[in-house]
Amino acid sequence: MKIIELHESVTASNDRDADAMRIAMKKQGTLLINLMSSPGSGKTTLLSSTIRSLKDEMNIGVMEADIDSDVDAKRIETLGAHSIQVHTDGMCHMDAGMTQAGLDAMEQKDMDLIFLENVGNLICPAEFDTGAGKNVMILSVPEGDDKPLKYPLMFSTSDVLVISKIDALPYFTFSLEECIKHVKRLNPGIQIFPLSAKSGEGVDAWNNWLRTEVKQWKED
Amino acid sequence: MDRYEIIETKERIEADNDIQAEKVCEQLKARKVFMVNLMSSPGAGKTTVLVRTIKALQKKYRIGIMEADVDSDVDAKTIADTGTRVIQLHTGGSCHMDADMTRRGLEEMGIDDLDIIFLENVGNLVCPAEFDVGAAKKVMILSVPEGDDKPLKYPLIFQVSDVMLENKIDTASIFDYDPALAEERAKQLNPDIQTFRISALNGDGFEAWTDWLINAVEEWRKSL
Numbered sequence: 470m471k472i473i474e475l476h477e478s479v480t481a482s483n484d485r486d487a488d489a490m491r492i493a494m495k496k497q498g499t500l501l502i503n504l505m506s507s508p509g510s511g512k513t514t515l516l517s518s519t520i521r522s523l524k525d526e527m528n529i530g531v532m533e534a535d536i537d538s539d540v541d542a543k544r545i546e547t548l549g550a551h552s553i554q555v556h557t558d559g560m561c562h563m564d565a566g567m568t569q570a571g572l573d574a575m576e577q578k579d580m581d582l583i584f585l586e587n588v589g590n591l592i593c594p595a596e597f598d599t600g601a602g603k604n605v606m607i608l609s610v611p612e613g614d615d616k617p618l619k620y621p622l623m624f625s626t627s628d629v630l631v632i633s634k635i636d637a638l639p640y641f642t643f644s645l646e647e648c649i650k651h652v653k654r655l656n657p658g659i660q661i662f663p664l665s666a667k668s669g670e671g672v673d674a675w676n677n678w679l680r681t682e683v684k685q686w687k688e689d
Numbered sequence: 276m277d278r279y280e281i282i283e284t285k286e287r288i289e290a291d292n293d294i295q296a297e298k299v300c301e302q303l304k305a306r307k308v309f310m311v312n313l314m315s316s317p318g319a320g321k322t323t324v325l326v327r328t329i330k331a332l333q334k335k336y337r338i339g340i341m342e343a344d345v346d347s348d349v350d351a352k353t354i355a356d357t358g359t360r361v362i363q364l365h366t367g368g369s370c371h372m373d374a375d376m377t378r379r380g381l382e383e384m385g386i387d388d389l390d391i392i393f394l395e396n397v398g399n400l401v402c403p404a405e406f407d408v409g410a411a412k413k414v415m416i417l418s419v420p421e422g423d424d425k426p427l428k429y430p431l432i433f434q435v436s437d438v439m440l441e442n443k444i445d446t447a448s449i450f451d452y453d454p455a456l457a458e459e460r461a462k463q464l465n466p467d468i469q470t471f472r473i474s475a476l477n478g479d480g481f482e483a484w485t486d487w488l489i490n491a492v493e494e495w496r497k498s499l
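Chains as they are written, first to last, in our numbering: chain A, 470 to 689; chain B, 276 to 499.
No lab work stands behind these hints: they were computed from the structure.
Accuracy of the hints is not assured; some may be wrong.
Below 30 angstroms or equal to it, Euclidean Cα-Cα: the simulated BS3-like pairs (lysine-lysine) are [to be verified]:
1. K650/A / K307/B
2. K462/B / K304/B
3. K335/B / K412/B
4. K304/B / K334/B
5. K653/A / K462/B
6. K543/A / K462/B
7. K334/B / K462/B
8. K335/B / K307/B
9. K650/A / K543/A
If you're wondering where the values come from, they're calculated on a predicted model, not measured in any experiment.
The following block holds chain B by itself, in its conformation from the complex (with noise of 0.2 angstroms):
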């Protein structure tokens, strides 16, 4: 007889993330919120994106977004001056979203007027690929100078992201970042991943990525 009994907590807890997460992602459907989940590195650009995203789109979309920090509300008052809904959402120390954080922020924001909605997740490459949220698509943002090696190194956020944005393209030249092979090495881990060489600061690319997003919202809506 087993003298005791293992529990394996980290698998316990992730499958209950799941099941969360398959309520939130049916919820957002119920009301054709498009919700999409983008992740990266601190300072790799979310926050810019999420500017020049929402000023691309706002005409077309209603458009809210939801700040996850560990502590802070700078963000959120950068996404307010663009005069978009935000709320700031604060993880008390954890290094990630997960499901029922999510459903907690969606609640208090109100979605029923909303067609799309970003979660800023905290920045970080490891822990919020782990933690599904129930968002339609998961975009992960890669900035050239973290250097292209990042695949090898942090190889679940590639796996399980929609999209990769290779963020500040414009500064490739400086830090010796080889676009190409950073493409190469992501898509040995998932070969559907969309790739987008982007500058959210002074625009190059940009058009491809809101097209590739305002098709996938709309191939969404069909879907349900």
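This is chain A alone, in the form it adopts within the complex (with noise of 0.2 angstroms):
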């Protein structure tokens, strides 16, 4: 079997303006976290979830990145989430400028936490720094286990994994246990999160770990 090298100049030249961004939304104490997914991993639902058991102890902003529709804006609407749509015109994935243009239109100088609902795709986004605080990764149970084999640099630079559609684990194939394993081994820090936003089980955990983030951005 021949394996072949096709090389592409990947030009990452975003990174000082992310930073620019994360030292200013640190000081303005809003913490922004760039959810990033395959398309239908559950980044909506996860977010409905999530605005549902948190919104009455803070302030949540949501920004739509997609490439051309309002289908999930609308959706986070009817929870009463403040939210913005950003196109990117057929872009795969949201960059440092894009996203700021996005904070820029949205009125979000009191929020706690924002979240930034990245294009669905496990390859570009894990390449252009946000300037989030945080970055969190979905993958869900029909996917795959092997998943992180196949998009290395994804699991690579999240620092935290959610394991989603957990209800769905006996139709399918998918181990945990291999998956963590193979998380792992690509970043040992990662934090994990196997949860059900349909069922309801596991997010604790997760409402949990944004809660003291979100206070810990605030504090040092």
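Join the two chains into one complex using the hints; note that each chain is given alone, in its own frame.
In structure tokens:
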């Protein structure tokens, strides 16, 4: 079996902008979370569940990034959270400049927590720092436990992995143990939350993690 | 007088790619090799669909597989187990295949003694749709757990594909997936798209898909 390397240079010139954004958001006391996953892994469903659980304790905003639709922003709006829709116009990821433009368009100064729901894609979003305080990725059970082997960068750059749709474990050949083993090999410091936003299993641990992070972001 | 020139990089890259794709297409026609560009999200079941398709067609056709991945060879190993000729292409971080990468892959693989080639594109619903690779047919997989709203959110891939395979159809009831609604949304974007409800795992609906493929290969050969 032959393996052919097709290299392409990727520009990563937005790291400086991202660092400046992080400092500004820290001063402001707003934790920005960059939420990434494949299409259909459950980003919007997880956000909906999270907003319902935490909206009475903190001020939450959502930035929905999509190529060209507003399906998700409409879903979030019905929950009463402040949301805006960012259109990437065909682009497969958000970068720092686009995220800043989204923040500028949002009334977000008094927010405690903002979620950036990135474009559904396991590749490019991992390459572009958005200036977020934390990177969170979702892997859903139906996608398979081999995904860390195939899209390693995403797993290496995330602070948290949410394993979603665990209520579907009986129907798929997905081994939580195998998956966690692969992920920890790439990123020993990653925190992992297996959960089902549908059944509610495991969501408390995730919500508690968010509570702690929001508090810490404001403190030090 | 204009003080500076604005260069539309993206358009230019895509225009160059289209020229390359045309060349790949001509080369494949000259050798009567039918190429399928297979696209989907990560984990939608491209490799599983391929393995079952190979098993259904390998007595009739000589098949070759090009596996495109960012940086692994998990899938190529799975395909190699079927005894089919396979090469692994590493895109070096790039999130899609383009025509020139495909040309190089075809050169490395050698295509003179093949009837059908499947290019398993990088798992991504966005960029692969923008880059023509010179394939005779574009096939996309939407898997049931992803949801029936995906045509609304990633319209281009549904617009450019000849076929939508609705895979993991055996799990439709678990995920509140409405196949008729997904098909209606896909057809609103692309009235000519062919849709097949399949399960690559248990074989449900698979024959309709492989029958379509055989017919497409034969029609294409006649048209040459």
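* Sort out whether K462/B lies within 30 angstroms of K653/A, counting only the CA atoms. => Outside the cut-off at roughly 42 angstroms; violated.
* Asked: Hey, K335/B versus K412/B, does the alpha-carbon distance stay inside 30 angstroms?
  -> Holds - the C-alpha atoms of K412/B and K335/B are around 19 angstroms apart, at most 30 angstroms.
* Asked: Quick one, are K335/B and K307/B close enough, alpha carbons at most 30 angstroms?
  -> holds (15 angstroms)
* Is it true that the CA of K304/B sits at most 30 angstroms from the CA of K334/B? -> Holds, at about 22 angstroms.
* Asked: Do the alpha carbons of K543/A and K462/B lie within 30 angstroms of each other, as the hint requires?
  -> Judged against 30 angstroms, a Cα distance of about 23 angstroms means the pair holds.
* **Distance restraint between K650/A and K543/A, which requires alpha-carbon spacing of 30 angstroms or less** => violated (37 angstroms)
* **Pair hint outcome, K462/B versus K304/B [Cα-Cα no greater than 30 angstroms]** => Holds. K462/B to K304/B sits at ~29 angstroms (cutoff 30 angstroms).
* Does the alpha-carbon distance linking K334/B and K462/B stay inside the 30 angstroms limit? -> The hint is violated at about 33 angstroms.
* Holds or violated: are the alpha carbons of K650/A and K307/B at most 30 angstroms from each other? -> Judged against 30 angstroms, a Cα distance of about 45 angstroms means the pair is violated.
In the structure shown, a violation is registered for the earlier hints numbered 1, 5, 7 and 9, in ascending order.
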